[in-house]
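Novice: Spelled out from the first residue to the last, the chains are:
Protein chains: 2
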Amino acid sequence: MKRVGMAFILFASFCCAQEPDSFQPAATNVWEAQYPRIDSAGRAEFRVKAPDATKVRLNFWSGPKLDMVKQPDGFWTVTTPPLVPGFHYYTLIIDGAEVTDLNSHAFFGGGKDASGIEVPEPGTKFYSIQDVPHGQVREIWYYSKVMGAWRHALVYLPPNYDTQTSVRYPVLYLQHGGGEDETGWTKQGNANFILDNLIAAGSSKPMLLVMAYGYARRAGQPQPDLTGKPFGSPEMMRAMQDVAAAFEDDFTQVLIPYIDSNFRTLPDRDHRAMAGLSMGGFQTFQITFNHLDLFSYIGGFSGAGPMAFGNQKPDMKTVYHGVFADPAAFAKKVHLLWVGVGTDEPERMRAGLQNLHKSLVEANIQHAFYESPGTSHEWQTWRRDLKDFAPRLFQEAAQ
Amino acid sequence: MKRVGMAFILFASFCCAQEPDSFQPAATNVWEAQYPRIDSAGRAEFRVKAPDATKVRLNFWSGPKLDMVKQPDGFWTVTTPPLVPGFHYYTLIIDGAEVTDLNSHAFFGGGKDASGIEVPEPGTKFYSIQDVPHGQVREIWYYSKVMGAWRHALVYLPPNYDTQTSVRYPVLYLQHGGGEDETGWTKQGNANFILDNLIAAGSSKPMLLVMAYGYARRAGQPQPDLTGKPFGSPEMMRAMQDVAAAFEDDFTQVLIPYIDSNFRTLPDRDHRAMAGLSMGGFQTFQITFNHLDLFSYIGGFSGAGPMAFGNQKPDMKTVYHGVFADPAAFAKKVHLLWVGVGTDEPERMRAGLQNLHKSLVEANIQHAFYESPGTSHEWQTWRRDLKDFAPRLFQEAAQ
Chain A
0 MKRVGMAFIL
10 FASFCCAQEP
20 DSFQPAATNV
30 WEAQYPRIDS
40 AGRAEFRVKA
50 PDATKVRLNF
60 WSGPKLDMVK
70 QPDGFWTVTT
80 PPLVPGFHYY
90 TLIIDGAEVT
100 DLNSHAFFGG
110 GKDASGIEVP
120 EPGTKFYSIQ
130 DVPHGQVREI
140 WYYSKVMGAW
150 RHALVYLPPN
160 YDTQTSVRYP
170 VLYLQHGGGE
180 DETGWTKQGN
190 ANFILDNLIA
200 AGSSKPMLLV
210 MAYGYARRAG
220 QPQPDLTGKP
230 FGSPEMMRAM
240 QDVAAAFEDD
250 FTQVLIPYID
260 SNFRTLPDRD
270 HRAMAGLSMG
280 GFQTFQITFN
290 HLDLFSYIGG
300 FSGAGPMAFG
310 NQKPDMKTVY
320 HGVFADPAAF
330 AKKVHLLWVG
340 VGTDEPERMR
350 AGLQNLHKSL
360 VEANIQHAFY
370 ESPGTSHEWQ
380 TWRRDLKDFA
390 PRLFQEAAQ
Chain B
0 MKRVGMAFIL
10 FASFCCAQEP
20 DSFQPAATNV
30 WEAQYPRIDS
40 AGRAEFRVKA
50 PDATKVRLNF
60 WSGPKLDMVK
70 QPDGFWTVTT
80 PPLVPGFHYY
90 TLIIDGAEVT
100 DLNSHAFFGG
110 GKDASGIEVP
120 EPGTKFYSIQ
130 DVPHGQVREI
140 WYYSKVMGAW
150 RHALVYLPPN
160 YDTQTSVRYP
170 VLYLQHGGGE
180 DETGWTKQGN
190 ANFILDNLIA
200 AGSSKPMLLV
210 MAYGYARRAG
220 QPQPDLTGKP
230 FGSPEMMRAM
240 QDVAAAFEDD
250 FTQVLIPYID
260 SNFRTLPDRD
270 HRAMAGLSMG
280 GFQTFQITFN
290 HLDLFSYIGG
300 FSGAGPMAFG
310 NQKPDMKTVY
320 HGVFADPAAF
330 AKKVHLLWVG
340 VGTDEPERMR
350 AGLQNLHKSL
360 VEANIQHAFY
370 ESPGTSHEWQ
380 TWRRDLKDFA
390 PRLFQEAAQ
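Chains A and B are the protein sequences, given in the same order.
Here the first sequence is numbered in numbering that gives the first Met the number 0, starting from 0 and rising by one per residue.
Here the second sequence is numbered in numbering that gives the first Met the number 0, starting from 0 and rising by one per residue.
Don't read these hints as lab results, they were simulated from the structure.
Treat the hints with care, since some could be wrong.
[Unchecked claim] Listed below are the simulated EDC-like cross-link pairs for lysine to aspartate or glutamate, each with C-alpha atoms no more than 16 Å apart in a straight line:
| hint | chain 1 | residue 1 | chain 2 | residue 2 |
| --- | --- | --- | --- | --- |
| 1 | A | Lys144 | B | Asp130 |
| 2 | A | Lys48 | B | Glu97 |
| 3 | B | Lys144 | A | Asp130 |
| 4 | B | Lys312 | B | Glu361 |
| 5 | A | Lys48 | A | Asp66 |
| 6 | B | Lys54 | A | Glu97 |
| 7 | B | Lys69 | B | Glu44 |
| 8 | B | Lys54 | A | Glu361 |
| 9 | B | Lys48 | B | Asp66 |
| 10 | B | Lys316 | B | Glu361 |
| 11 | A | Lys124 | A | Asp387 |
| 12 | B | Lys204 | B | Asp66 |
| 13 | A | Lys331 | A | Asp292 |
| 14 | A | Lys54 | B | Asp51 |
| 15 | A | Lys316 | A | Asp267 |
| 16 | A | Lys54 | B | Glu97 |
| 17 | A | Lys357 | A | Asp314 |
| 18 | B | Lys48 | A | Asp292 |
Just need the whole structure built from these sequences, with the hints factored in.
Specialist: Right, dumping it as structure tokens:
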């Protein structure tokens, strides 16, 4: 609520008329915020108030890191070089404190509600809202016996789910990355609009998307004390494995049964897919290959488990319980194995996914490999991944 | 997305074990953040990193404003006196820049994604998630011809909406305050849990809640240039009236027909209510009294139009087209007029609502008046308002 009454809030929203040049407020801004603003070349101009600060830095996570310049009015400004199209997280560093730009809406990433800016990609509409039938995103709360806690998830239902009440649908479970949460795929990824558009074009089967919260701790399990334990220490690795194992149990023992009980799904492996980005790809490989009785379509978006990090060469005969040992059996069991990466991702990611692709080729494992041109470890890559991945789902199974 | 890989994010989430004293991390914190933390007396301890700042201030919007103290490790800390139970917005002022505390989840208020802290109210469960049947909150996107733009709203559907497919339901339209948005009533207000609990107890009829975005501008209408125009200037008042009128048209001409077309509602005035907080109460009075053909239940939560500001005394014979001129006709037409305010709200708000109550009494207008003990212009007041208001709805109309 407002400290100074609604009148002031509304007044503030009118304070600055649009500039007559080609810069336009970003679509990710809060109501009426004029900055950041973007020109047709993708340059973005930022303006933040910090009258008593001595240093303010603009901090794109995958993009420029620029010192801002103090103006006489107490605002700091900077204009970036042309940015890669798509959604970019950013924060500000004000006198050593990492904070957000309150002109921007918040997007959960990096373990916090960060700022973000949407840079338009000219001519690209596949992730925009369009005049086609729209599905609905629903919030669900389910009680997890594994965690002893209520869990929140989002479920996209395709257009006409409510009216075609005798139809049952396949399900794609879609996981966010490390530091993100269940809101990422719709807020940053526009997954609902991507599916609306694909379904309207006849490119994808109507399906549910289920977007879960990717962290978990077992009921009664205390938060581990890692004080003084270095990054990569056995204690830390153990703690990460505990989270991953608790999430796997919650996912397979609680979430999937909840979805199949509460929505009109086709509740079998032929009609169940899982994909995730980065950490979510890691989780996807762990969960699906541990539970091939539950899944037959698998996607790793810029992440696919330890076997897709850097220059590791997995033993394709033994990794994941030997699932790749028999290519013919694999092709029969897994309707789709899909991996993708952006061509401008950090070397470790890019090499990891490319090496995984090579290993799969050498092992004669049928799979799809996609490279997103010119994009980094960011949402534009994952939007394109979903656009390529979703149309391949549920085409083989008897519908 | 993570700048340094998911492993680091997970590591960061384990860095600090829980302290052995009675302070517990706030429920509003992000995953595993240890601060802010609250003790059983409602005192809250904050800790934020700002190594190069010269001044950091904790800024509760309705509560304490405290200088934080720099520690040798570059973190700033402070502990508040006991806080009033409920949800409180806050920000930080770091060297003159208003920013958020990234330990907290973001809650949209004051025109920005601000920080918030939930202070438990011992023994109070009416706004908590409980083991009762849960409704679902859905996101909808509707195209507004009034605005020439897509609009986002949230709709709560009561438990069993999906399974009892021949049942139609009444609708409560519930508006946020100035500077907030359509997410406020569920994220800050827990309106979905309040309704779940009231419905499970048999206290409220099952109903839909529709939560719309309370700002609008007509298609083609430019953003007004108010540069140099003082607060309260005719130009500013005109701009505010334009927003209010555009919202009224969007609400009555587009949103309500969309809801009645897309959900199983009882689409008549006897089964349609509207309430709002602060600016939303203002909008509720404007819209309902301009459209009594559409509404028969009306609620003003800490706001009820210009007649409820400060010490104004409206002319009860003429205000709102003379709707109060004939008390008997009013009681017949309006099934419920409800106004409420917190006893600790700023004088202007408190006096405004109390004077409105007096004016209604003097004019013999049947209504309900509720005062929330010990709470200010904040969400704890509005949660209690909804708890008192919702059970009174749709009891008179033939179900």
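Novice: Which numbered hints turn out to be false for this structure?
Specialist: Hints 8, 12, 15 and 18 not satisfied by this model.
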